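Based on the hints, put chain B in the right spot on chain A.
Those protein sequences? They're chains A and B, same order as listed. No gaps in the numbering here: position 84 of the first sequence is 84 in the numbering used here, and each next residue is one more. No gaps in the numbering here: position 82 of the second sequence is 82 in the numbering used here, and each next residue is one more.
No lab work stands behind these hints, which were simulated from the structure alone. No experiment lies behind these values; they were computed from the predicted model shown. A virtual CB, placed ideally from N, CA and C, is assigned to each residue, including glycine. Only true hints are included.
Heads up, incomplete: computed chain A residues facing chain B, CB under 10 Å, no partners named:
#, residue
1, Val4
2, Gln6
3, Gln37
4, Met41
5, Leu43
6, Asp56
7, Phe90
8, Cys91
9, Tyr103
10, Ser107
11, Gly108
Some chain A residues well away from chain B (every beta-carbon gap over 12 Å; in silico):
#, residue
12, Leu13
13, Gly53
14, Ser69
15, Asp73
16, Ala82
17, Thr112
Listed here are the chains, written in short residue letters.
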Amino acid sequence: NAGVTQTPKFQVLKTGQSMTLQCAQDMNHEYMSWYRQDPGMGLRLIHYSVGAGITDQGEVPNGYNVSRSTTEDFPLRLLSAAPSQTSVYFCASSPTTGATYGYTFGSGTRLTVV
Amino acid sequence: EDQVTQSPEALRLQEGESSSLNCSYTVSGLRGLFWYRQDPGKGPEFLFTLYSAGEEKEKERLKATLTKKESFLHITAPKPEDSATYLCAVQDPGTYKYIFGTGTRLKVLA
Chain A
1 NAGVTQTPKF QVLKTGQSMT LQCAQDMNHE YMSWYRQDPG MGLRLIHYSV GAGITDQGEV
61 PNGYNVSRST TEDFPLRLLS AAPSQTSVYF CASSPTTGAT YGYTFGSGTR LTVV
Chain B
1 EDQVTQSPEA LRLQEGESSS LNCSYTVSGL RGLFWYRQDP GKGPEFLFTL YSAGEEKEKE
61 RLKATLTKKE SFLHITAPKP EDSATYLCAV QDPGTYKYIF GTGTRLKVLA
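Chain A with its partners taken away, still in its complex shape (with noise of 0.2 Å):
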């Protein structure tokens, strides 16, 4: 088992850019999300999806797009890249949105936008 998987590890993008963040995971699970993590501010969700074609908005969503066409993939869209969207950027699925399991997390991806 893969788990969660995020590409590419790292980049870097000039302001005004677009680009997508892979999350692909192999556990069936339902519940995808994306957060982004700055220092101090913790972990911070973006986007969510309960299950294939089901998304919704988390805290700090501008900025970002998702679509959820399979159970597998998830991918974080930056329609116009800004510096203070430099960042950690972590992907987390879970195999329901009930409280029983916890969230399995990616090894997240670390973006720089200059």
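Frame of chain A; chain B shown alone:
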């Protein structure tokens, strides 16, 4: 508004020196309180879920407890390999969103 506050922000312990980390929360109807461990450069790793006041869970040198307003992560006789950031989270019952605290950075000195 749901909130999770962790204290202290950072903690340095000598090997074998037991201590506790605190996670206080406000949420309308707790579905679960979660503890995670995060090593530098890695994603958080799930440790425990607690559901109701009075519940306790243990894993090696770690024991998590829960009251109606807070949770404690007790570390007994820690070793240097316990050094990490420990994160606490709660799940909002209406939206299924997880709300994380900012974590406690633990350093255990040999």
